[in-house]
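S.K.: Chain residues, written in single-letter form:
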Amino acid sequence: MQMQTEHAHEPPRGWMRWLLTTNHKEIGSLYLLFSLAMLFVGGIMALIIRAELFQPGLQLIQPEFFNQMTTMHGLIMVFGAVMPAFVGLANWMIPLQIGAPDMALPRLNNFSFWLLPIAFGLLLSTLWMEGGGPNFGWTFYAPLSTTYAPPSTSFFILSIHIAGISSILGAINIIATIFNMRTPGMRLMDMSLFVWTWLITAFLLVAVMPVLAGVVTMMLLDINFGTSFFNAAGGGDPVLFQHLFWFFGHPEVYIMILPAFGIVSLIVPTFARKRLFGYRSMVYATASIAILSFTVWAHHMFTVGLPLAAQLFFMYMTMLIAVPTGVKVFNWIATLFRGSISFEVPMLFALAFIVQFTIGGLSGVMLAIVPADYQYHDTYFVVAHFHYVLVPGALFAIIAGVYYWLPKWTGFYPSESLGKLHFWLSVIGVNLTFFPMHFSGLAGMPRRIPDYALQFADFNMVSSLGAFIFGLSQILLLIVIYRCVKGGKPAPAKPWEGAEGLEWTVPSPAPLHTFEQPPVFDPQRDSPSRA
Amino acid sequence: MRSVVGLLTIWLLWPLGVAAKEGEGVDYGSRWNMTTGVTELSREVHSLHMIIFAICVAIAVVVFGVMFWSLIRYRRSQNKKSAHFHESTAVEILWTAIPVVILVAMAVPATATLKKIYDASESEVDVLVTGYQWRWRYEYLNEGVSFFSNLSTPAEQIKNQQQKSDTYLLEVDEPLVVPVGTKVRFLLTSNDVIHSWWVPELAVKKDAVPGFINESWTRIEEPGTYRGQCAELCGRNHAFMPVEVKAVSQDEFQQFLAQKRAQAEAEKASESKQWSKDELMAKGEQVYATYCSACHQPQGQGLPPAFPALAGNANMIEASGLQGHIERVLYGKSGTAMPGFAETLSAADIAAVVTYERNAWGNDAGDVVQPETINTMLGGEK
Chain A
1 MQMQTEHAHE PPRGWMRWLL TTNHKEIGSL YLLFSLAMLF VGGIMALIIR AELFQPGLQL
61 IQPEFFNQMT TMHGLIMVFG AVMPAFVGLA NWMIPLQIGA PDMALPRLNN FSFWLLPIAF
121 GLLLSTLWME GGGPNFGWTF YAPLSTTYAP PSTSFFILSI HIAGISSILG AINIIATIFN
181 MRTPGMRLMD MSLFVWTWLI TAFLLVAVMP VLAGVVTMML LDINFGTSFF NAAGGGDPVL
241 FQHLFWFFGH PEVYIMILPA FGIVSLIVPT FARKRLFGYR SMVYATASIA ILSFTVWAHH
301 MFTVGLPLAA QLFFMYMTML IAVPTGVKVF NWIATLFRGS ISFEVPMLFA LAFIVQFTIG
361 GLSGVMLAIV PADYQYHDTY FVVAHFHYVL VPGALFAIIA GVYYWLPKWT GFYPSESLGK
421 LHFWLSVIGV NLTFFPMHFS GLAGMPRRIP DYALQFADFN MVSSLGAFIF GLSQILLLIV
481 IYRCVKGGKP APAKPWEGAE GLEWTVPSPA PLHTFEQPPV FDPQRDSPSR A
Chain B
1 MRSVVGLLTI WLLWPLGVAA KEGEGVDYGS RWNMTTGVTE LSREVHSLHM IIFAICVAIA
61 VVVFGVMFWS LIRYRRSQNK KSAHFHESTA VEILWTAIPV VILVAMAVPA TATLKKIYDA
121 SESEVDVLVT GYQWRWRYEY LNEGVSFFSN LSTPAEQIKN QQQKSDTYLL EVDEPLVVPV
181 GTKVRFLLTS NDVIHSWWVP ELAVKKDAVP GFINESWTRI EEPGTYRGQC AELCGRNHAF
241 MPVEVKAVSQ DEFQQFLAQK RAQAEAEKAS ESKQWSKDEL MAKGEQVYAT YCSACHQPQG
301 QGLPPAFPAL AGNANMIEAS GLQGHIERVL YGKSGTAMPG FAETLSAADI AAVVTYERNA
361 WGNDAGDVVQ PETINTMLGG EK
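Listed in order, the protein sequences are those of chains A and B.
Once you know that position 315 of the first sequence is 315 in my numbering, the rest is easy, because the numbers rise by one and skip nothing.
Once you know that position 21 of the second sequence is 21 in my numbering, the rest is easy, because the numbers rise by one and skip nothing.
So here's chain A without its partners, still in its complex pose:
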């Protein structure tokens, strides 16, 4: 057939190659580059916010634009930077780690990537529409996001739909790949923790993205078709919005952290030159976190006026999540214990992840305590908490993964000296930004305000300075990646001596097609759960 002869042809050249590619490595790179671009777009918005908050008073921007910046910053970082970065890493590494030639559904893979630029192009275009872009926070609580929203809200809803479809398709592809494409002999309990955490994350995505789609569709109907799902005047219920949103939103939080756990669980053993402690308990802990994540959503709503019994239930369930999360941290530390530890750049980012994520986790336990949460809720304490798990947490793990796998992607080691400079500036900047927010929040500063009372001035100034240090130092990340693509110290197939896994059996850089014949996998010798 003609189809078969076409397969032997070279891929199209130029931009058509990228538009039409069905190769998991190329699509993985596209996802990662897209996410990098969004990181900078969302980062510039964060710096605009921090510039305005440098001092009390309104200096640079007006409140309506400030609200658009906080909203867009959140949406872009969550849906445009962190999630696509994990999908990009999954695309690149899952087939390589399970010995598959590609993803199970390559054309779907292409489609789910190219939906993203459309979704975010649409979302960003709302900033130039009459009345401005979304200005109701990334949580878009009704009725502020319906009856009182700018006209561009319907475009925002469409872009969420498109990004959501992209996520669901990507997740289906990952599940299909992991279940069907493992090399012969590899059981589920032989998979790397990155594959495991992504498998569980993919199930979370398939479970909750449709709920998000449902809730934005209800908004669309309220805005354009005269329904009253969230309009109290029409018999609707604004609190219903929050229940639906957070039923999506809390698992979403774990969608953004579970793959990070997976990355760190690979990097720590590599540079401690010691097998991961408690592989099985890591898998069980990840699954427990995922299941519990469906039972804690109302801890975002402790001040909304729920009955006492509900408050207690959600407080206890939320506290319970600390247990499997603690198990993960303890396992990482037990892996370090009596290892032979070296501190290459990926390891530095992974270790910083453990410390900083734990700080965010501990403030999370504090937030679970309902009476205290009445004082923390909607203050900068919450901003500090979730940024600690997302920026020095998830983002650091992504960066750690990038440094860890760059030799495999490009065939060259990333610059160790520039990488270390990038690491130290990032650690200083990120903690200078977010640690003082604990204080301003406890002292009583509400979140999402463009101007604040004078007693909050000092900590805000520190946060703003830290934000500029952190933001500008990410330019180093660009330089490191650019230089690593161009050249550097050549990397062997296994660039880190303590690394384990099938990805290190293919040459560096990984050729376009790998594992056309399934690799030999002997669980007794190769499994992370071997005796």
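These are calculated hints, taken from the structure and not from any lab test.
This one's a predicted model, so the numbers in the text were calculated from it and none came from an experiment.
A virtual CB, placed ideally from N, CA and C, is assigned to each residue, including glycine.
Don't take every hint at face value.
Unchecked claim - Covered stretches of chain B (in silico footprint by chain A; criterion: 3 or more residues with CB under 8 Å from a CB of chain A, positions within the stretch not fixed):
# : segment
1 : 24-38
2 : 247-256
3 : 267-279
4 : 298-308
5 : 351-364
Position chain B against the provided structure of chain A, taking the given hints into account.
M.R.: Structure of chain B alone, referenced to chain A:
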């Protein structure tokens, strides 16, 4: 473009900003920690916070201690050969069980405090708190007293044209007055979007949700002024709708109620007299600044398309537009952010602000509206 200018400006202005340090602000007892507050509950919440905080710090010290000790002790130059152990069911069970015990220890006092917070029964004063974009309305139930509470910080301070006062953004024209030593119950709801009524020193934060009535309570022990802010993003002026609570003695509280009732009587009486244009314009300017300028802007230029311009608005200014103008102010425009002010403002306020809008910023309708006209239109309901 705006962002580039912003970034450049901030670096240029930085040294100036440090030099122009202004008021100290009003802290709620601490600049970096939760306030102890002035009620039994706020002290309980504070001690709960300090207990959990101490436990978290202790956990962090142990966990990070072991981690950093391992990093230093087992660094490669000190330990060439790593150990081989990689699992232990006993250890896993141990570090699952210990956190459970710690968490139960935290949950017990938290549950007890939460139960107290939820007991709003046997209140002596009941206040209905209603959130509006962007002000609070307080109504003393069964007392016949209600009023709005607006930010009183002048726009010049916000725009950095004037020295900021210590109470910058935390001051209102009419604070909520409550008696000390009395159980005051708050019933919270909203007229538009979700707001959240928060006073840190009372440890009260509760959402004001349209269509719902939430409940909270306090018993303040010390007379004084306690400040807070709206905690839930509610639109453009979310940062500019503070809460100010004045706790006074029972006698002063009764005087306050009596004075408020007298004030309402006088206001009512003034509605039947004929107002001069100057009187209407002067009052109208005040009302406009408090209720209208946030959206329609100080010079009536608006922020189209969400908030249309009033200056030079031909439909509104022409004589035949008068009726429509008054109705729009009274009843609002459904499906938009324009609220109706029939419930919010007095007939005199509405007459004055309509007159002002028709004759300010170059508008030249020339007509004046009397409070009586408004009352007639409302069918005597006011």
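S.K.: For each hint, tell me whether it holds in the structure or not.
M.R.: Consistency of the hints with the structure:
1. 24-38: Our answer is that it holds, as 11 residues pass the Cβ test (under 8 Å) against chain A, meeting three.
2. 247-256: Violated, because only 0 residues of the segment 247-256 of chain B bring their Cβ atoms closer than 8 Å to Cβ atoms of chain A.
3. 267-279: violated (count 0)
4. 298-308: That given contact holds, which follows from 4 residues of the segment 298-308 of chain B lying within Cβ reach (below 8 Å) of chain A.
5. 351-364: Coverage by chain A is violated here, the residue count being 0 at a Cβ distance below 8 Å.
Of the hints listed earlier, those the structure fails to meet are numbers 2, 3, 5, in rising order.
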